[in-house]
Amino acid sequence: MATPLQYGDPPRLGPFVLQARLQAAPAGLVYLGQGADGRAVSVAVLTRGAALDPAARNRFVTGIKEGEAARSGVRGLFSRVSRRRNVTTPPVVAWDGGEAPWVAVPYAPGGVGAERFLEPVMVSGMLIGDRHGPDFVPYWLGDRNPALPAPPSPAPPRTETVRSVALASALLATLVLFIGAILWLMLVRSDDEPMPARPLPPTVFVPTPPPVPTSPEPMQPSPTPGETEQGQSPSPAPGENEDPGQDI
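Read left to right, the sequence shown gives residues 70 to 317 (this note's numbering).
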């Protein structure tokens, strides 16, 4: 029965987009996925605990390889040992045996899906003939989270081509020569041309008052002795203003 994806489920595995959960087994989880061509597939991925166990991961990958060999007509040792099981193996569409191994088979409602390849991961008893011997619980059985593939490595830093490096070097050399020429011209010009003399400060003319004369001017008449200090003329002498033609 399909259930919605839960927190921690991968959104996609390889080229397949996961849409729902189909089954949660002790060794892994089975999802309903869809390929780029719209084909529905059943995708099984190991749990994180089983993926960290090299033996469990090897049993999962070996089951996938033996299933492909059995369908192609090549029967190996594993096929001869388990021939009595009479279990139909679905065709493998795609698989990955990395750190988070998964396998995808065509989805058949009610038929055998990718959970077929999770059965060899859980070892029960002996692998020869019918099951006999004590069962045991793997140490990784408590980790039921799906194994997630490692994030893609970052892209390598971009390396410039030889042509780009040569062009950048030529531009840098041209810029250095241009700056050097400007500095040289500035130094040569400063040596050849003397510095202009500083202008003298402007002359300030301060007018001086004319000299004050200490003696009277020659053209000015000197005062008569009869003038008083207050500038009044003396009284006329007797007989100056008398009219000689009048009778006394």
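To be clear, the hints were calculated from the coordinates, so they are not data collected in a lab.
Just so we're clear, the structure is a prediction, and the values are computed from it rather than from any experiment.
Mixed in with the good hints there might be a few duds.
As the list claims (entries may be wrong) - Have a look at the derived ranges for each label pair, beta carbon to beta carbon:
1) A219 - A71: 55 to 61 Å
2) D106 - R232: 38 to 44 Å
3) A219 - P178: 30 to 36 Å
4) P220 - Q75: 17 to 23 Å
5) P95 - K134: 45 to 51 Å
6) L210 - D106: 45 to 51 Å
7) R232 - L252: 27 to 33 Å
8) P225 - A138: 33 to 39 Å
Every residue, glycine too, gets a C-beta built ideally from N, C-alpha and C.
Outcome of the hint check:
Range check, A219 to A71: Cβ separation about 28 Å, and the 55 to 61 Å hint is violated. The supplied range of 38 to 44 Å is met by D106 and R232, whose beta-carbon atoms lie about 42 Å from each other. Taken as a hint, the range 30 to 36 Å holds for the pair A219 and P178, whose Cβ atoms sit roughly 33 Å apart. The hinted range of 17 to 23 Å is satisfied by P220 and Q75, whose Cβ atoms lie roughly 20 Å apart.
P95 and K134 have their C-beta atoms about 22 Å apart, which leaves the hinted 45 to 51 Å range violated. Between L210 and D106, the C-beta spacing of about 37 Å breaks the proposed range 45 to 51 Å. About 31 Å separates the C-beta atoms of R232 and L252, a value consistent with the hinted range of 27 to 33 Å. Range check, P225 to A138: Cβ separation about 38 Å, and the 33 to 39 Å hint holds.
This entry does not satisfy hints 1, 5 and 6, going by the numbered hints stated previously.
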